[in-house]
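Protein chains in written order, with the UniProt record's numbering: chain A, 1 to 585; chain B, 1 to 585.
If you're looking for bench data, these hints aren't it; they were derived computationally from the structure.
A couple of the hints might just be wrong.
Identical chains blur together in the list; that is why a pair holds if it fits in one copy or across any two.
As a list, the in silico EDC-like pairs of lysine to aspartate or glutamate whose alpha-carbon atoms are at most 20 angstroms apart [claimed, not checked]: (1) K421 <-> D561; (2) K424 <-> D559; (3) K320 <-> E146; (4) K320 <-> D561; (5) K472 <-> E509; (6) K567 <-> D515; (7) K460 <-> D485; (8) K320 <-> E493; (9) K460 <-> E146; (10) K535 <-> E565; (11) K29 <-> D329; (12) K539 <-> D561; (13) K501 <-> D329; (14) K320 <-> E538; (15) K535 <-> E509; (16) K501 <-> E146; (17) K539 <-> E565; (18) K368 <-> E36; (19) K368 <-> D329; (20) K475 <-> E509.
2 protein chains.
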Amino acid sequence: MTFLNTNEETRKRKFKKCMSDTCSAKTLKKRLPILEWLPKYKTEFLIQDIIAGITVGLTAIPQGIAYAVVAGLPPEHGLYASLTSGIIYVFFGSCYNVTVGPTAILAAMTARYVSNYSPDFAILAAFLSGIMILVMGVLNLGFLVEFISMPVISGFTTAAALQIAASQLKSLFGLSGSSGDYFAESVYNFYNNITTAKLWEPVLGFGTMVMLILLQKMGQGCNRTDGFFKQMRWFISLSRNAVVVVVGMIIAYVLKVMMDAEPLNLIGDIGGGLPKFGWPPFTTVVGNETYSFTDMMNVLGPQSVALPLVAILESVAIAKAFADGATVDATQEMIALGLCNIIGSFGQSMPITGSFTRTALNHVSGVKTPAGGITKVLLITVALTSLTSTFYYIPKASLAGLIIIAMFSMLDYAILGRLWKNSKRELFVLVVTMIVCLFAGLEYGIVTGIILEAAMLLYKVARPPVDVSITKCQKADIMLVPLSDSVSYCAAEHVRRVVLKASLHTLSETLIIIDGTSLRNMDFTVASNLMSVVKDLEKKSRQILFMNFNSQLKNLCTDIDPKSEAKFVNALNAVELSDQLTKDV
Amino acid sequence: MTFLNTNEETRKRKFKKCMSDTCSAKTLKKRLPILEWLPKYKTEFLIQDIIAGITVGLTAIPQGIAYAVVAGLPPEHGLYASLTSGIIYVFFGSCYNVTVGPTAILAAMTARYVSNYSPDFAILAAFLSGIMILVMGVLNLGFLVEFISMPVISGFTTAAALQIAASQLKSLFGLSGSSGDYFAESVYNFYNNITTAKLWEPVLGFGTMVMLILLQKMGQGCNRTDGFFKQMRWFISLSRNAVVVVVGMIIAYVLKVMMDAEPLNLIGDIGGGLPKFGWPPFTTVVGNETYSFTDMMNVLGPQSVALPLVAILESVAIAKAFADGATVDATQEMIALGLCNIIGSFGQSMPITGSFTRTALNHVSGVKTPAGGITKVLLITVALTSLTSTFYYIPKASLAGLIIIAMFSMLDYAILGRLWKNSKRELFVLVVTMIVCLFAGLEYGIVTGIILEAAMLLYKVARPPVDVSITKCQKADIMLVPLSDSVSYCAAEHVRRVVLKASLHTLSETLIIIDGTSLRNMDFTVASNLMSVVKDLEKKSRQILFMNFNSQLKNLCTDIDPKSEAKFVNALNAVELSDQLTKDV
Chain A
1 MTFLNTNEET
11 RKRKFKKCMS
21 DTCSAKTLKK
31 RLPILEWLPK
41 YKTEFLIQDI
51 IAGITVGLTA
61 IPQGIAYAVV
71 AGLPPEHGLY
81 ASLTSGIIYV
91 FFGSCYNVTV
101 GPTAILAAMT
111 ARYVSNYSPD
121 FAILAAFLSG
131 IMILVMGVLN
141 LGFLVEFISM
151 PVISGFTTAA
161 ALQIAASQLK
171 SLFGLSGSSG
181 DYFAESVYNF
191 YNNITTAKLW
201 EPVLGFGTMV
211 MLILLQKMGQ
221 GCNRTDGFFK
231 QMRWFISLSR
241 NAVVVVVGMI
251 IAYVLKVMMD
261 AEPLNLIGDI
271 GGGLPKFGWP
281 PFTTVVGNET
291 YSFTDMMNVL
301 GPQSVALPLV
311 AILESVAIAK
321 AFADGATVDA
331 TQEMIALGLC
341 NIIGSFGQSM
351 PITGSFTRTA
361 LNHVSGVKTP
371 AGGITKVLLI
381 TVALTSLTST
391 FYYIPKASLA
401 GLIIIAMFSM
411 LDYAILGRLW
421 KNSKRELFVL
431 VVTMIVCLFA
441 GLEYGIVTGI
451 ILEAAMLLYK
461 VARPPVDVSI
471 TKCQKADIML
481 VPLSDSVSYC
491 AAEHVRRVVL
501 KASLHTLSET
511 LIIIDGTSLR
521 NMDFTVASNL
531 MSVVKDLEKK
541 SRQILFMNFN
551 SQLKNLCTDI
561 DPKSEAKFVN
571 ALNAVELSDQ
581 LTKDV
Chain B
1 MTFLNTNEET
11 RKRKFKKCMS
21 DTCSAKTLKK
31 RLPILEWLPK
41 YKTEFLIQDI
51 IAGITVGLTA
61 IPQGIAYAVV
71 AGLPPEHGLY
81 ASLTSGIIYV
91 FFGSCYNVTV
101 GPTAILAAMT
111 ARYVSNYSPD
121 FAILAAFLSG
131 IMILVMGVLN
141 LGFLVEFISM
151 PVISGFTTAA
161 ALQIAASQLK
171 SLFGLSGSSG
181 DYFAESVYNF
191 YNNITTAKLW
201 EPVLGFGTMV
211 MLILLQKMGQ
221 GCNRTDGFFK
231 QMRWFISLSR
241 NAVVVVVGMI
251 IAYVLKVMMD
261 AEPLNLIGDI
271 GGGLPKFGWP
281 PFTTVVGNET
291 YSFTDMMNVL
301 GPQSVALPLV
311 AILESVAIAK
321 AFADGATVDA
331 TQEMIALGLC
341 NIIGSFGQSM
351 PITGSFTRTA
361 LNHVSGVKTP
371 AGGITKVLLI
381 TVALTSLTST
391 FYYIPKASLA
401 GLIIIAMFSM
411 LDYAILGRLW
421 KNSKRELFVL
431 VVTMIVCLFA
441 GLEYGIVTGI
451 ILEAAMLLYK
461 VARPPVDVSI
471 TKCQKADIML
481 VPLSDSVSYC
491 AAEHVRRVVL
501 KASLHTLSET
511 LIIIDGTSLR
521 NMDFTVASNL
531 MSVVKDLEKK
541 SRQILFMNFN
551 SQLKNLCTDI
561 DPKSEAKFVN
571 ALNAVELSDQ
581 LTKDV
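Chain A on its own, in the form it takes in the complex (with noise of 0.2 angstroms):
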């Protein structure tokens, strides 16, 4: 009854500390991040935080236009995608290291929408994910994530990447035909279609990628404050992604002008300006269909769930990479998350997360405070402004040799070498997640990922170890039954067969002990089963007893048979227990 009391008291202190941390200015510096390092921004930051937003920019811009293609979409939601959430992130995010933007990834979990119906269904995406993260922001959900673990997270990952460059075959060949919305569909339409292979696609394609790992190599060595040779080595070898798209153009104009046609496949007219501000799209047309909102939920399906899924497990897995050792407030990550997707989806945006190229390359690049964001922004916006015209040159060939080099550094070997040599069933997870991604999906792969996991986990917690001994004592033997720190009701079941069976192997003077000294959780189906051990032994006129239960425990089983008072006991071991028995009788 006490113990009831204080846990009552305990909780209305907590709630009550809840709710005046809700209204402190500790919260609102906490929940609006800007307070707190706008005031105290030195000017020494701001060539820093400007240096590491060209750069960051330099990459923003071309990866959002490949991220685009990738999901299917007009190049210019790439870029509205940076924009809305790069401006959301500076007063909301907690990380200065972290760029938010569109994704490898999540774009191309968008695409299969995109392609089969309208541009609107990321929008609307974009807007529920935002709903979804921002929610679980608040209700402190975020712990979901944890159930996603490295295995699930590789397979998946890798899946994605190979799903993505297989995507790429298409434009990276200049081939006719479709790309295909799986990997397995993309690699079968690459088979079909190679013979229409063109010349310049390929050799950009592949010149493109050759140049990007040589610009990397050459700036290995060469450092921010190097002097001004191994300085300009440094930035050009950050900014390759726009060297690459940069010269990519160049060479198809020239290609133009010089054949007087377009050889190369282009991104052709790109919508220049602003996005258009105004609701998310809750109905759309498709062909000659209108969409209500429960249509278009119905077509989005589990991807309402992976998508926000999949966005916080980026985000807060960039977040923790990059705070140096600091705790990151995953709460407040989610909820700038939560609110980049929904305004962005304001702005025409596709879903975005935090980038991982992008995240690195700020860190690299010397960003002191979130304000990096802001030049970025900026950047974009000239860039829709007034460079769509000569983004119309870009030609896709180069965009796909950009994303196919982006996706090899997501592949990740060293963990199947790992997993073979310490967890085959690790691996077993591993490989069945790849293989539904690479052929049902990657929303699905994921969610089959999950649910493994959390089988093998709850048939673990299911069969725990039971160490029954037997001791000889003077009397008569003892048969000790040791119960662990906690036993779940789906264990129930597993105990009383254990310690029916080993009692069949016993003489039947021998005295039954179970020993709950080191448990401290126990369900009432378990204290229902222990009790039916109890009549079960009786009617065989065998003596069990319950050594150490504490107070709580014992309550509960003698709740259930108050007959079985008499056999909770407390002693130091089964042996002392055993010989005072002995000396009582």
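Model the placement of chain B on the given structure of chain A, informed by the hints.
Frame of chain A, contents of chain B only:
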């Protein structure tokens, strides 16, 4: 390597053993238990089996008719259900006490599909459930029902009893209108139609209930082995279900002759004769619509999983309750139950499982072998072939009274008080399960309960207690983090956070020791997180050591980060370890 080979060996041996087991005479007897008990049959068993068969049969007939009514089926289907299954269980059943047939819960779960569609759906449900149960039996998947905890079972059973009792209010009061598919709907309809109540129906219905209670009390203290009068009292008490129905029939007949009209709602014409044997209905016609197999499957939907699960649950629970401490061969019980349903569906049977009432009756009647079932089957055959014209006069009010009384015995009030006192969490699970059952249907309720319990369990596994302690030592303090038995992937982030957080409250020279002494299992995800803790702490120049990790766990970690090799140490305890280190320095 040796370890792996040994594993391989064991697996081969197990496989061989499994193969030879499958083919041995012992296994044949296990899978066809009649081969075990029939050769040992003694003549003195015969009389006891016959008496038990008669009492069970006299209950199986009225209950069969009543539960067919609950399911909304023509009454004869309830008798068909006891017929075929009764024969099959004689051959395959491993528990001599158990009798199978229609049960109130399965009938209630079938009702919705019958009342909205056609009886064919009940027969197909029996066939499909049989297949599911058989497959689960053969694949040893019976353990799945261990994931249905007592609170879920209790909430489900209580809701089922309430729903079934409520559905009988219409017949009990002779109301017009429909009775409703749900508890809430039935109560609402009862309230709306109460003004249409008749006189004779409630009189007979409540009379039946009073009679049942009195007849039950009459048998108390009497026994099969007593003198003639007491023996008769005992027998009549056990056959009370048949007695009240016969009394009802006589009253209905007398009223008809006296008033020259039918003032009571009667069962009416029952299709006489044995069931027609043939394939279960894989297609059917409802109204003007033809349902293909796929359409029928779509209609059955979640039922096709919930029905077999509940059937297994009921039958295994009953087998265990009446096993007298013997271990129950759950696999064999599932095989028998599966075959009973499959073959039964060829004889127009509704879904069946072990019946608690009739099994208890069988037990107190002193049954000796499954042969008792033969008498029951003969009795039902007689009923079907020559008594159906008499059954015309069974008043629906009598059946309603009989069903309502049977439902009262299913209510379990005691568990509510026990859970209130000991585990409010489990009470919550019970209440949620019950509410969903009452307002959305039994199958949704039980699935909700299972998922809720599993989610709570997973959350608990994701938040294992980590008791960080700080010990003062000569040179430097020690922060000790003991890891429990098994840390799962979903707890990885939690452990990481606890360690990082606790380290913030210690001095920078404090030695951090992760104690793996009692750690048996660790996922790849956990190992990765531990290695990332090392990196995080090293950035702050903190010293961390891993104490007493077994070689397998150590290998997993050093595979991820080979540089951590030196951090793994063995010691008796943390203080000894600290002393060692100080000496070294």
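Output the indices of the hints that this structure fails to meet, ascending.
The structure breaks none of the hints.
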